[in-house]
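Kindly generate the complete structure, drawing on both the sequences and the hints.
Protein chains: 2
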Amino acid sequence: MLTERQRMILNAIVDDYIRSAEPVGSRSISKRGDVKYSPATIRNEMADLEELGFLEQPHTSAGRIPSHKGYRYYVDHLVPWNPAGSTETETIRAFFAEKLNAMEQLIQHAAMILSNMTNYTSILLGPEVFHTSLRHFQLLPLDDRTAVAIIVTSTGQVENRKVSIPPEISVSEMEKVVNLLNSKLVNVPLYKLKSRLYSELGQEMQRHISHYEELMQMLDMALESDSEQRVYLSGATNMLTQPEFRDVDKVKDILDLLEETPTLLKMLAPAAGGTGIQVRIGTENKHEAFAACSLITATYSIDGEAVGSIGILGPTRMEYAKVLGILGVLSRDLTAMLGHWYK
Amino acid sequence: MLTERQRMILNAIVDDYIRSAEPVGSRSISKRGDVKYSPATIRNEMADLEELGFLEQPHTSAGRIPSHKGYRYYVDHLVPWNPAGSTETETIRAFFAEKLNAMEQLIQHAAMILSNMTNYTSILLGPEVFHTSLRHFQLLPLDDRTAVAIIVTSTGQVENRKVSIPPEISVSEMEKVVNLLNSKLVNVPLYKLKSRLYSELGQEMQRHISHYEELMQMLDMALESDSEQRVYLSGATNMLTQPEFRDVDKVKDILDLLEETPTLLKMLAPAAGGTGIQVRIGTENKHEAFAACSLITATYSIDGEAVGSIGILGPTRMEYAKVLGILGVLSRDLTAMLGHWYK
DNA sequence: GTTAGCACTCGACCTAGATGAGTGCTAACC
DNA sequence: GGTTAGCACTCATCTAGGTCGAGTGCTAAC
Numbered sequence: 001m002l003t004e005r006q007r008m009i010l011n012a013i014v015d016d017y018i019r020s021a022e023p024v025g026s027r028s029i030s031k032r033g034d035v036k037y038s039p040a041t042i043r044n045e046m047a048d049l050e051e052l053g054f055l056e057q058p059h060t061s062a063g064r065i066p067s068h069k070g071y072r073y074y075v076d077h078l079v080p081w082n083p084a085g086s087t088e089t090e091t092i093r094a095f096f097a098e099k100l101n102a103m104e105q106l107i108q109h110a111a112m113i114l115s116n117m118t119n120y121t122s123i124l125l126g127p128e129v130f131h132t133s134l135r136h137f138q139l140l141p142l143d144d145r146t147a148v149a150i151i152v153t154s155t156g157q158v159e160n161r162k163v164s165i166p167p168e169i170s171v172s173e174m175e176k177v178v179n180l181l182n183s184k185l186v187n188v189p190l191y192k193l194k195s196r197l198y199s200e201l202g203q204e205m206q207r208h209i210s211h212y213e214e215l216m217q218m219l220d221m222a223l224e225s226d227s228e229q230r231v232y233l234s235g236a237t238n239m240l241t242q243p244e245f246r247d248v249d250k251v252k253d254i255l256d257l258l259e260e261t262p263t264l265l266k267m268l269a270p271a272a273g274g275t276g277i278q279v280r281i282g283t284e285n286k287h288e289a290f291a292a293c294s295l296i297t298a299t300y301s302i303d304g305e306a307v308g309s310i311g312i313l314g315p316t317r318m319e320y321a322k323v324l325g326i327l328g329v330l331s332r333d334l335t336a337m338l339g340h341w342y343k
Numbered sequence: 344m345l346t347e348r349q350r351m352i353l354n355a356i357v358d359d360y361i362r363s364a365e366p367v368g369s370r371s372i373s374k375r376g377d378v379k380y381s382p383a384t385i386r387n388e389m390a391d392l393e394e395l396g397f398l399e400q401p402h403t404s405a406g407r408i409p410s411h412k413g414y415r416y417y418v419d420h421l422v423p424w425n426p427a428g429s430t431e432t433e434t435i436r437a438f439f440a441e442k443l444n445a446m447e448q449l450i451q452h453a454a455m456i457l458s459n460m461t462n463y464t465s466i467l468l469g470p471e472v473f474h475t476s477l478r479h480f481q482l483l484p485l486d487d488r489t490a491v492a493i494i495v496t497s498t499g500q501v502e503n504r505k506v507s508i509p510p511e512i513s514v515s516e517m518e519k520v521v522n523l524l525n526s527k528l529v530n531v532p533l534y535k536l537k538s539r540l541y542s543e544l545g546q547e548m549q550r551h552i553s554h555y556e557e558l559m560q561m562l563d564m565a566l567e568s569d570s571e572q573r574v575y576l577s578g579a580t581n582m583l584t585q586p587e588f589r590d591v592d593k594v595k596d597i598l599d600l601l602e603e604t605p606t607l608l609k610m611l612a613p614a615a616g617g618t619g620i621q622v623r624i625g626t627e628n629k630h631e632a633f634a635a636c637s638l639i640t641a642t643y644s645i646d647g648e649a650v651g652s653i654g655i656l657g658p659t660r661m662e663y664a665k666v667l668g669i670l671g672v673l674s675r676d677l678t679a680m681l682g683h684w685y686k
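In the order they appear, the protein sequences are chains A and B. This note's numbering puts the first residue of the first sequence at 1, with every later residue one more than the last. This note's numbering puts the first residue of the second sequence at 344, with every later residue one more than the last.
To be clear, the hints were calculated from the coordinates, so they are not data collected in a lab. Every value quoted in this text rests on a predicted model; they were computed, and no experiment measured them. One thing to keep in mind: the hints can contain errors.
Pairs of lysine-lysine, DSSO-like flavour, derived with a Cα cap of 27 Å [as the list claims (entries may be wrong)]: (1) A/K99 with B/K609; (2) A/K192 with B/K442; (3) A/K266 with A/K252; (4) A/K184 with B/K519; (5) B/K519 with B/K537; (6) A/K266 with B/K442; (7) B/K595 with A/K250; (8) B/K527 with A/K176; (9) A/K266 with A/K69; (10) A/K99 with A/K69; (11) A/K252 with A/K99; (12) A/K194 with B/K442; (13) A/K99 with B/K535; (14) A/K194 with A/K266; (15) B/K593 with A/K252; (16) A/K176 with B/K519; (17) A/K252 with B/K595; (18) A/K99 with B/K537; (19) B/K527 with B/K537; (20) A/K266 with A/K192; (21) B/K593 with B/K412; (22) A/K286 with A/K266; (23) B/K593 with A/K250; (24) B/K535 with B/K519; (25) B/K412 with B/K442.
Here it is, written out as structure tokens:
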């Protein structure tokens, strides 16, 4: 579709624009050294590239900037695919060498490392508990009316919630039920817990236990969908350092969206479906506040199954090569780490 | 120190400036209605107030703005102390009527309500676990090399961390130790756990248990200081709506600091020492990035003891009356709620 | 003690001209 | 035919000068 020379020129323009954030003129391309044509020739090609929709011109007498289509072509065909520089790889390796003794810490820390390395905003989705199963269930009374329900998953995550104990239920009855649950529901996937509770244990419990109704209500509450996936955000303020977001009004909308957990979830969740690294440029993100942003996402897995995702948000004028490299290494290493952790 | 008229005029200037964010002239004060003097008279008083250090003039031919000292006087002597409007009180009441079944959710939600009501940034310090005691301890094996240590506190908070099991230790031994811990260490304050572990249980365990060293090392890790207080932030982007922070460079430093948990901790922690509501204006905050900000803090308690604090960060030109009212009601209600919750 | 009047100050805003980076087009060159 | 030098043209940015008006400080009158 594009001639070799056009690709070279497009590549040069995107490269320059990523560095300078300013419209690129034909003369500066000519001076770069890798495109050995005069400015006039380059101008002609640039006019063609603009007609084809790969470039845009802010105004008549300015240089060109890449259009969304231009970035897309750059990402798909031109971006130098180097699997992260050695210093970066080293930083990531060093990070994973640290001993972090809780999943939460690990993910949070990873988000920080990412935003520091890239100078963009990093968004991490904690591991989806959807496919994990129950390891242990416990009800711990705090006083005679409330208790803490503790759920430990097969991956070692611990969730807890407070429940109120129906006054009719005795301590011994509760213990009986908890034991029953542990013997029957261990290794059942979390999302099936509640249906199993009714189908398998319902009858048995109804026989042995008084106040079946109240008890079930309490257990229902205790096992309430814990699938609220955690979102970790880091380096949101890096947005402010980008020249395209010097204007407070523009950046406000973006930062507002970043404060909303459900929005972030929606943005990163679809990525988990696909595999590998995905790039969404400008309006390919649904929210119009992100029209001037690009989002690069990758997934990580436990046991061969994608359970969470990593995202880097920056301006469309993003250092794609660098970010792609870093994200590749990090998602691979995170997968390896977790696989090793939870055999 | 100030005449009644001077106080009236100072009050009017601060009031106006809080609303408009623009230097206040003598004419607009005169037109307000509550100060029945001509602009000329007011000008004379303003000159005096400036000499006394309560007002400042951005440049010769502009109106006056309050100095830090002016704000301080306003907050200490002039601010209309109304305990939150009825609509606001209602909103807060409605919030507490909601059923939230985990401490974490409650606090996080409270932070959101606060920032929404005030349009400033709210910072909440989760309850300090320092003075809470151990309710229950558990070690749950995940595989033959790792286990999850679960600590439940007297306030129903659940902490967990992953520990590695020394290969020499058998399951039965571990159970024995956990039972011992639960019988001996329950109701011991968390911060004393580790010392008690050594002092009270050391000898006994050394007698009964083989591989004492390795075991102790594991327990040490499991009981590792969990006192990392959680910080909840909400509405950080509200800073961007303030006209004094239209400039990205100014607001960047502030938002950067807000991303650092330790900084927030340091800022709010001292407040927990004092009692009641405190106002820190401008440079009274230690960080110079906050020189143009005011921080209003309040504490909340469990069982008569201050365990956490609430902060509202805004420009020095803050709606002190409104925020003070809201914060007063919220901290009182939060205290009541928690007291009720954890009898 | 209070107020009207007035000269003065100074930032905000507008306009006009200079500057220069960059373009599109044409004609000459290889 | 592809490439390039030359040139007129465009247009955002910058600067300087000028107007405007809000607000002051001072003086004199009430």
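- [ ] Kindly indicate which numbered hints from before are broken by the structure, ordering the numbers from low to high.
- [x] 10, 11, 25
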